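**Student:** Protein sequence lines correspond, in order, to chains C and D. With the first letter of the first sequence counted as 1, position 129 gets the number 129 in my numbering; the numbers rise by one all the way through. With the first letter of the second sequence counted as 1, position 92 gets the number 92 in my numbering; the numbers rise by one all the way through.
In case anyone wonders, no lab produced these hints; they're calculated from the structure. Remember, predicted model here, so these are calculated numbers, not experimental data. Virtual Cβ for every residue (Gly too), placed ideally from N, Cα, C.
Only pairs whose alpha carbons sit at most 25 Å apart, straight line, appear in this in silico BS3-like list of lysine-lysine:
1) D:Lys19 x D:Lys191
2) D:Lys172 x D:Lys226
3) D:Lys252 x C:Lys36
4) D:Lys268 x D:Lys356
5) D:Lys150 x C:Lys62
6) D:Lys38 x D:Lys19
7) D:Lys150 x C:Lys136
8) C:Lys131 x D:Lys150
Distance windows between CB atoms, simulated:
9) C:Pro104 x D:Gly113: 39 to 47 Å
10) C:Glu126 x D:Leu188: 38 to 46 Å
11) D:Gly313 x C:Glu108: 31 to 39 Å
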Amino acid sequence: MAEYNRPLPSPTPETRHFWEGCREGELRLQRCTGCKESYFPPRPFCPACGSRDVEIFKASGKATLYSYIINHRPRPDFGEMPHSIAVVTLAEGPRMMTNIVDCPQTPEALILDMPLEVTFEKANDEISLPKFRPVKG
Amino acid sequence: MKQKTVAVVGAAETTEMGKIPNTSQLMLHADAALNAMKDAGLTAKDIDGVATAGDSPVEVAHYLGITPTWVDGTSVGGCSFMLHVRHAAAAINEGLCNTVLITHAESGRSRVGARRFSRDPASQSGQFEVPYGITNPPTMFTIPALRYMKQYGVTEEDVAQVAVVQREWAAKNPRASFRDLITVDDVLNSKMIAWPFRLLMCCLVTDGGGALILTSAERAKDFPQKPVYILGTGESCETPMISQMEDFTTSKAFRVSGKKAFDEAGIKHSEVDHLMIYDAFAHLPIYGLEDLGFCERGEGAAFIREGNTRPGGKLPLNTNGGGLSYMHSGMYGMYALQESVRQMRGIAPAQVPGAKISIAHGVGGMFAASGTIVFSNETP
Chain C
1 MAEYNRPLPS PTPETRHFWE GCREGELRLQ RCTGCKESYF PPRPFCPACG SRDVEIFKAS
61 GKATLYSYII NHRPRPDFGE MPHSIAVVTL AEGPRMMTNI VDCPQTPEAL ILDMPLEVTF
121 EKANDEISLP KFRPVKG
Chain D
1 MKQKTVAVVG AAETTEMGKI PNTSQLMLHA DAALNAMKDA GLTAKDIDGV ATAGDSPVEV
61 AHYLGITPTW VDGTSVGGCS FMLHVRHAAA AINEGLCNTV LITHAESGRS RVGARRFSRD
121 PASQSGQFEV PYGITNPPTM FTIPALRYMK QYGVTEEDVA QVAVVQREWA AKNPRASFRD
181 LITVDDVLNS KMIAWPFRLL MCCLVTDGGG ALILTSAERA KDFPQKPVYI LGTGESCETP
241 MISQMEDFTT SKAFRVSGKK AFDEAGIKHS EVDHLMIYDA FAHLPIYGLE DLGFCERGEG
301 AAFIREGNTR PGGKLPLNTN GGGLSYMHSG MYGMYALQES VRQMRGIAPA QVPGAKISIA
361 HGVGGMFAAS GTIVFSNETP
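Generate the whole structure from the sequences, applying the supplied hints.
**Tutor:** This is the structure we're talking about:
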């Protein structure tokens, strides 16, 4: 594959499990074993109740489209055409920023609340980015 | 902070605004500060408190020759100056200092001596937002709007209307960057930036600055300018990442900050004669009107469309033309405060006749933080 020239994340000790999951094709969230809150972005304690008793689990990868823009400002690293920058609501509750892929980058194709599923875009041997595509059928 | 009241006794913007390629960012701070000190009849020797955001208050204090006993470098984006006013009022009340200088300056357009902005790839934003192509505010601040529009049936025309109305105010202001009247079609036909946002729905990028001087209300009467009293203040913050905002149709930071300021001032919405809502993008005044409680949820766009905020309307809003038409050097909150002070002094280019209470409401980052100040020209 061509060399990946977009900005990439630098995992920290608190987020490493998430990026390792992406590399292995799993979307890993965290959940409080006490109050059962699922949350994102990663941290080793529950943002709802403060408990450090939290677990990592594999999320379903299902999501819906919460909101987005279609960026028309120059981003040569994203190609010549406008591209979506979206926020999705995961089936487990948390929201995350992403790009909607495998779909025209147009208002007609990108409908709020449409069902989506995760797909991983490999940037290098360390980092794969979670992206979302429309659920077929 | 109800023990004593604090007042603005000096207020000024930089001598020039817009494109100032022959002046560094640090000198823009000093230019605004010197103008504000002249306005208040003071020199640097009289200032014992300093606050600024973005740049260091140490740099500003030293450059101007000020030896402060109180320093505030709260830097939470463009509303930082609202927070400085709030903190300064508390500090003056507490006796930590007597006379506070708050400055903003940014060589936003010419980038002379301007700091560089970058996000560390290990920061939360660097890990969970930057990889998806966000660059600057037009690709972040805009993201929630589509959800708001769907939820309340607000159209692109409605959002465009915000820019149209603010241009009506800018047309009355000789210092505004853009003064020619525009139509909804002009806005919708301007260059696409980040669908659904067009160029004319986005704020300007200019050079400039502003400064305020605050002291206790009891001293304020001895100054050359009509004092502008601070009735109430609020502040809050929500999230450093737009993707983690609790609800894309309302700002928690706006609601918390606004309620604090209203409660402290003890005023009703119907008593507000003049309102400034930081408009980095055209949807901000809509969110602000609702989150401050001037409109019910979902009714902000109609409120503007029906003419309530335009010249002659019942709630004059962003009367300098706003960040969309007046100027925006990077942290516009200072200019919203300046316009509130002008309105309370009765010297604004588009003066609201008889205005007695003005509110300046700011946003920091991308719905990240907020600050709200209630001003009055009458002794509380």
